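Given chain A's structure and the hints, the job is docking chain B onto it.
There are 2 protein chains.
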Amino acid sequence: MSVSIGDVRSAHERIAPHIHRTPVQASQQLDEIVGCRLLFKCENLQKAGAFKSRGAVNAVFSLSETSAKNGVATHSSGNHGAALARAAQLRGINAYIVIPSDTKQVKKAAILAYGASIIECEPTLDAREVALEQAVRDTGAHFVHPYDDDLVIAGQGTAALELLAQTGGLDSLLVPVGGGGLVAGSAIAAHPMTRVYAAEPEMADDAYRSFKTGELVTSHTPRTICDGLQTTIGARNFAIMQDKVSDILLVSEQEVIDAMYLLWTRLKQVVEPSSAVTLAAVIRNQKLFAGQKVGVILTGGNVDPNDLPFT
Amino acid sequence: MSVSIGDVRSAHERIAPHIHRTPVQASQQLDEIVGCRLLFKCENLQKAGAFKSRGAVNAVFSLSETSAKNGVATHSSGNHGAALARAAQLRGINAYIVIPSDTKQVKKAAILAYGASIIECEPTLDAREVALEQAVRDTGAHFVHPYDDDLVIAGQGTAALELLAQTGGLDSLLVPVGGGGLVAGSAIAAHPMTRVYAAEPEMADDAYRSFKTGELVTSHTPRTICDGLQTTIGARNFAIMQDKVSDILLVSEQEVIDAMYLLWTRLKQVVEPSSAVTLAAVIRNQKLFAGQKVGVILTGGNVDPNDLPFT
Chain A
1481 MSVSIGDVRS
1491 AHERIAPHIH
1501 RTPVQASQQL
1511 DEIVGCRLLF
1521 KCENLQKAGA
1531 FKSRGAVNAV
1541 FSLSETSAKN
1551 GVATHSSGNH
1561 GAALARAAQL
1571 RGINAYIVIP
1581 SDTKQVKKAA
1591 ILAYGASIIE
1601 CEPTLDAREV
1611 ALEQAVRDTG
1621 AHFVHPYDDD
1631 LVIAGQGTAA
1641 LELLAQTGGL
1651 DSLLVPVGGG
1661 GLVAGSAIAA
1671 HPMTRVYAAE
1681 PEMADDAYRS
1691 FKTGELVTSH
1701 TPRTICDGLQ
1711 TTIGARNFAI
1721 MQDKVSDILL
1731 VSEQEVIDAM
1741 YLLWTRLKQV
1751 VEPSSAVTLA
1761 AVIRNQKLFA
1771 GQKVGVILTG
1781 GNVDPNDLPF
1791 T
Chain B
1481 MSVSIGDVRS
1491 AHERIAPHIH
1501 RTPVQASQQL
1511 DEIVGCRLLF
1521 KCENLQKAGA
1531 FKSRGAVNAV
1541 FSLSETSAKN
1551 GVATHSSGNH
1561 GAALARAAQL
1571 RGINAYIVIP
1581 SDTKQVKKAA
1591 ILAYGASIIE
1601 CEPTLDAREV
1611 ALEQAVRDTG
1621 AHFVHPYDDD
1631 LVIAGQGTAA
1641 LELLAQTGGL
1651 DSLLVPVGGG
1661 GLVAGSAIAA
1671 HPMTRVYAAE
1681 PEMADDAYRS
1691 FKTGELVTSH
1701 TPRTICDGLQ
1711 TTIGARNFAI
1721 MQDKVSDILL
1731 VSEQEVIDAM
1741 YLLWTRLKQV
1751 VEPSSAVTLA
1761 AVIRNQKLFA
1771 GQKVGVILTG
1781 GNVDPNDLPF
1791 T
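Chains as they are written, first to last, in the working numbering: chain A, 1481 to 1791; chain B, 1481 to 1791.
Isolated chain A (complex conformation):
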């Protein structure tokens, strides 16, 4: 295994000056609904609005002066793009963020606000790869993958590390799975003391199919409102998941919307649809968690109140 619990601890020391130690919230009413004790790690209150700040800061601040001097680059229209832009700004280096041309203005603005350069490409996987390679060749920037990267995985694992310390230990921990950066890091931080479950939308079930068949699904066509979970799971993320994750729990789109409604009205937290798959999975699998002390990572809060799935 290429990432160890020691790497997660080192990452936590490295990033601590640049991130929030986010609070843990709970709701007695929610606990009564689900029949277990839920403790929510509020990464929606993290810098740049998502846990992605952890991995991005760890990757950027781990670079040698030589590797860092030409800046960093990535492809991401979402939270990783903004988080990497912020991390680069903190270190005083350039960031080059490749985004599809149909990215919403509000997401572009978040990236630009951290002083990054935006490179637009056609909204296809091929165009993205080509644009990124071109940017790296032109600038000499260091590519920081959104999830299939040891330093990113170690950084994302620090959220679970903090949650375990803040709660005095957990029976189970639930995290959403997209590319697998958070689930891999969380599993390294929490396994085997705590059982780790990944939650995934049925409409983007590549990690589920990979986990059940043992063969990495490398292409799929996700159609989920969970915009943070549309990526395909990475190879090293999958290997860690096979080793340390107890199960992957699927949820429907309507279950995600219902869970998001509960989080907004009971916890009073603004969270993205991607953050609600975990509560949805608890609700669908109540017997599995009955009476347990269950940790849940609320991954991010970057959602546009003008564009909500409720009505």
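Worth flagging that the hints you see were computed from the coordinates, not collected in a lab.
Since this is a predicted model, take the numbers as computed values, not measurements.
Here a beta-carbon is modelled for each residue, glycine too, at the ideal position from N, C-alpha and C.
Worth double-checking, as some hints may not be accurate.
To be verified - Label-pair ranges, simulated between beta-carbon atoms:
1. A:A1496 - B:G1771: 21 to 31 angstroms
2. A:G1486 - B:H1500: 29 to 39 angstroms
3. B:E1602 - A:R1501: 45 to 55 angstroms
4. B:K1773 - A:G1620: 55 to 65 angstroms
5. A:A1719 - B:Q1772: 46 to 56 angstroms
6. A:S1544 - B:A1496: 45 to 55 angstroms
7. B:Q1734 - A:V1504: 31 to 41 angstroms
8. B:D1723 - A:A1496: 38 to 48 angstroms
9. A:G1648 - B:G1771: 37 to 47 angstroms
As the list claims (entries may be wrong) - To give an idea of the chain A side of the interface with chain B (calculated C-beta under 8 angstroms), a few residues:
10. N1524
11. G1529
12. W1744
13. T1745
14. N1786
15. F1790
Claimed, not checked - Sample of chain A residues lacking proximity to chain B, with all beta carbon distances greater than 10 angstroms (derived):
16. L1570
17. V1610
18. T1701
19. R1703
20. Q1722
21. L1729
The following block gives chain B in isolation, referenced to the frame of chain A:
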């Protein structure tokens, strides 16, 4: 003055076992927008979703056994109704809550969930008074006014007391004004060390007109989305406000909506429109608060995500 800082401190000791010591949140991005340091007291995370739990618990737990034995009653379809129902349930006594017949189902459900009896009346002030008097006569319950009550005022003041302790002191403190329970309690807790400002919607400006003319406005026709601020300011609340509040700042409906959008997207907190009048007032009066350390009480988070003012 009938309520002293000592009463607020006593209230805090009395209610501490039954309420949350709510967290204080801040956002660097918001600070950059407004040009001062904003520290938000998250009473949207309070028990029953609003600061009203403080005053209700203080009133209910201050009653003698004799006064308490027949229960408590009030008229309120909103946060005070739910908070009083909860406080009565904690003490093991009955609560009778008079609400207009057009109250939304979600608000009724919140009151019923705390085991209270609901008494429906026609949606007029007269009908409400009649129904309340009838209920008090029938049951012998003790009437707890939503704001024009010393124990309620002392209880509401505990939010500012906590905020001052959590922040190490403030230059200014902003709170919304409706009936005036929170503004009176906050002013007693914070004045004169901290300047206290009330914020009010232009479309419900009875407190503003009372404050500016020195004569209590006792009837008005509010038409604001801030459903918690439609009440007319109470007599004792007005007297305290005249003595200890620096100014009342008016804001438009659009300014409230814009400020609520900022709170949702930057602080990631689900708050009611009534909670956004304070940030709106800071934005409209930036020079007044420039460079200051400013406390803001986010009063409540009971809002229906299916019924938002943004779109």
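The hints, checked one at a time:
For the pair A1496 (chain A) and G1771 (chain B), the beta carbons lie near 29 angstroms from each other, so the given range of 21 to 31 angstroms is met. Separation of G1486 (chain A) from H1500 (chain B) is about 37 angstroms and conforms to the stated range, judged on CB atoms against 29 to 39 angstroms. For the pair E1602 (chain B) and R1501 (chain A), the beta carbons lie near 52 angstroms from each other, so the given range of 45 to 55 angstroms is met. Evaluation of the 55 to 65 angstroms hint for K1773 (chain B) and G1620 (chain A) yields a failure: the beta carbon distance comes to about 44 angstroms.
Taking 46 to 56 angstroms as the suggested C-beta distance range, the pair A1719 (chain A) and Q1772 (chain B) conforms, at roughly 53 angstroms. For S1544 (chain A) and A1496 (chain B), the hinted distance range of 45 to 55 angstroms is satisfied, since their beta carbons lie about 52 angstroms from each other. Distance hint for Q1734 (chain B) and V1504 (chain A): a CB-CB separation of about 36 angstroms, consistent with the stated range 31 to 41 angstroms. The given range of 38 to 48 angstroms is respected by D1723 (chain B) and A1496 (chain A), whose C-beta atoms sit roughly 46 angstroms from each other.
Between G1648 (chain A) and G1771 (chain B) the beta carbons are some 41 angstroms apart, a value that agrees with the proposed interval 37 to 47 angstroms. The beta carbon of N1524 (chain A) is positioned within 8 angstroms of a beta carbon in chain B (closest approach about 5 angstroms), and the interface hint is therefore held. Look at G1529 (chain A): its Cβ gets to within about 7 angstroms of chain B, closer than 8 angstroms, so that hint holds up. Contact between W1744 (chain A) and chain B, as hinted, is supported at the beta carbon level, the nearest pair being about 5 angstroms apart and thus within 8 angstroms.
Interface hint at T1745 (chain A): satisfied, since its Cβ lies 7 angstroms from the closest Cβ of chain B, which is below the 8 angstroms cut-off. Checking N1786 (chain A) against chain B: minimum C-beta separation of about 5 angstroms stays under 8 angstroms; hint holds. Satisfaction of the interface hint for F1790 (chain A) is found here, the shortest Cβ-Cβ separation to chain B being roughly 5 angstroms, below the 8 angstroms cut-off. Residue placement check: L1570 (chain A) keeps its beta carbon more than 10 angstroms from all beta carbons of chain B (closest about 12 angstroms).
Annotated as non-interface, V1610 (chain A) keeps its C-beta farther than 10 angstroms from every C-beta of chain B; the closest such distance is 33 angstroms. Here T1701 (chain A) stays apart from chain B, with its beta-carbon at least about 29 angstroms from theirs, past the 10 angstroms limit. With 10 angstroms as the threshold on Cβ separation, the claim that R1703 (chain A) sits away from chain B holds: the shortest Cβ distance comes to roughly 23 angstroms. With a closest Cβ-Cβ approach of about 34 angstroms to chain B, Q1722 (chain A) is found to remain outside the 10 angstroms limit, as its non-interface label requires.
At the 10 angstroms boundary, the C-beta of L1729 (chain A) stays outside the reach of chain B, the nearest C-beta of that chain being 24 angstroms off.
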